[in-house]
Amino acid sequence: DQQVKQNSPSLSVQEGRISILNCDYTNSMFDYFLWYKKYPAEGPTFLISISSIKDKNEDGRFTVFLNKSAKHLSLHIVPSQPGDSAVYFCAASATGGSEKLVFGKGTKLTVNP
Amino acid sequence: KAGVTQTPRYLIKTRGQQVTLSCSPISGHRSVSWYQQTPGQGLQFLFEYFSETQRNKGNFPGRFSGRQFSNSRSEMNVSTLELGDSALYLCASRTGLAGPITGELFFGEGSRLTVL
Numbered sequence: 168d169q170q171v172k173q174n175s176p177s178l179s180v181q182e183g184r185i186s187i188l189n190c191d192y193t194n195s196m197f198d199y200f201l202w203y204k205k206y207p208a209e210g211p212t213f214l215i216s217i218s219s220i221k222d223k224n225e226d227g228r229f230t231v232f233l234n235k236s237a238k239h240l241s242l243h244i245v246p247s248q249p250g251d252s253a254v255y256f257c258a259a260s261a262t263g264g265s266e267k268l269v270f271g272k273g274t275k276l277t278v279n280p
Numbered sequence: 005k006a007g008v009t010q011t012p013r014y015l016i017k018t019r020g021q022q023v024t025l026s027c028s029p030i031s032g033h034r035s036v037s038w039y040q041q042t043p044g045q046g047l048q049f050l051f052e053y054f055s056e057t058q059r060n061k062g063n064f065p066g067r068f069s070g071r072q073f074s075n076s077r078s079e080m081n082v083s084t085l086e087l088g089d090s091a092l093y094l095c096a097s098r099t100g101l102a103g104p105i106t107g108e109l110f111f112g113e114g115s116r117l118t119v120l
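Chains as they are written, first to last, in this note's numbering: chain A, 168 to 280; chain B, 5 to 120.
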């Protein structure tokens, strides 16, 4: 049973435009959500996070939106740059649950110059 | 500050063999967790160690085991290797404070295991 789903395996965007990566979750106990970025041959690196008490968190070009009622979150990258080309993983954790991250399968973003 | 270091980076084994992977966390980090990344399943949690004790375990068979030493370094072992164990094994460290993981999970570059 996949608790965190990234339904788009890949996304292609033109440089300078907006990239929107989506993530859905099923476990209502999740209350903290994170996005990680992964380049080939490197480990994932933390990008941005959001607590369930918020519906938006912004950090430079990156904004994460959380819709708790829909159990949906999205990552917006504006403007997209070629260096943003990577695999993006959505992850979730639950306060009071086991302290692990549950990851989605990832979305490969390609930003074309 | 040195990052999370994993060795070896690449290895090839045959079915039935066993393998041991090593992870040195960031200095001062007491929690080490392991994840398996495969193309079809994404990243899946294997286990987490804190102060030499396994705190959490994922849904993997008993062939997958680990341990943590007093210096926080960790090893994971897979016995009786199967073809499906081919994956990137990622180690991550954090300070190990209680509570939800709020982003302070630092990953190593991983150990790429190929089982033939």
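No wet-lab data here; the hints were simulated from the structure. A quick note: this is a predicted structure, and the numbers were derived from the prediction, not measured. Among the hints, erroneous ones may be present.
[Unchecked claim] Okay, the calculated bits of chain B under chain A, using three or more residues with CB under 8 Å as the criterion:
#: 1; segment: 17 to 30
#: 2; segment: 110 to 120
[What the hints assert, rightly or not] Each computed DSS-like pair below joins lysine-lysine, with the alpha-carbon atoms no more than 27 Å apart:
#: 3; chain 1: A; residue 1: Lys235; chain 2: A; residue 2: Lys275
#: 4; chain 1: A; residue 1: Lys172; chain 2: A; residue 2: Lys235
#: 5; chain 1: A; residue 1: Lys223; chain 2: A; residue 2: Lys275
#: 6; chain 1: B; residue 1: Lys17; chain 2: A; residue 2: Lys272
#: 7; chain 1: A; residue 1: Lys235; chain 2: A; residue 2: Lys272
#: 8; chain 1: B; residue 1: Lys17; chain 2: A; residue 2: Lys172
#: 9; chain 1: A; residue 1: Lys272; chain 2: B; residue 2: Lys61
#: 10; chain 1: A; residue 1: Lys238; chain 2: A; residue 2: Lys275
#: 11; chain 1: B; residue 1: Lys17; chain 2: A; residue 2: Lys238
#: 12; chain 1: A; residue 1: Lys223; chain 2: A; residue 2: Lys235
#: 13; chain 1: B; residue 1: Lys17; chain 2: B; residue 2: Lys61
[Said to hold, decoys possible] Some chain A residues judged to face chain B by a derived CB distance under 8 Å, without partners named:
#: 14; residue: Pro207
#: 15; residue: Ala208
#: 16; residue: Lys221
#: 17; residue: Gly271
#: 18; residue: Gly273
Every residue gets a Cβ at the ideal spot worked out from N, C-alpha and C, and that includes glycine.
Checked hints:
1. 17 to 30: It is violated, with 0 qualifying residues against the three required.
2. 110 to 120: Three-residue rule met by the segment 110 to 120 of chain B, so holds; n is 5.
3. Lys235(A) to Lys275(A): holds, 25 Å
4. Lys172(A) to Lys235(A): Status holds; Cα separation ~15 Å.
5. Lys223(A) to Lys275(A): holds, 23 Å
6. Lys17(B) to Lys272(A): holds, 26 Å
7. Lys235(A) to Lys272(A): Given that 27 Å is the threshold and the Cα spacing comes to 20 Å, the pair holds.
8. Lys17(B) to Lys172(A): violated, 32 Å
9. Lys272(A) to Lys61(B): Answer holds: Lys272(A) to Lys61(B) is near 20 Å, not above 27 Å.
10. Lys238(A) to Lys275(A): holds, 22 Å
11. Lys17(B) to Lys238(A): violated, 41 Å
12. Lys223(A) to Lys235(A): Cα-Cα ~11 Å, so holds.
13. Lys17(B) to Lys61(B): Given that 27 Å is the threshold and the Cα spacing comes to 25 Å, the pair holds.
14. Pro207: With a closest approach of 10 Å, the Pro207(A) hint is violated.
15. Ala208: holds, 7 Å
16. Lys221: At 13 Å from the nearest chain B Cβ, Lys221(A) fails the 8 Å test, so the hint is violated.
17. Gly271: With a closest approach of 6 Å, the Gly271(A) hint holds.
18. Gly273: Holds. Min distance 6 Å.
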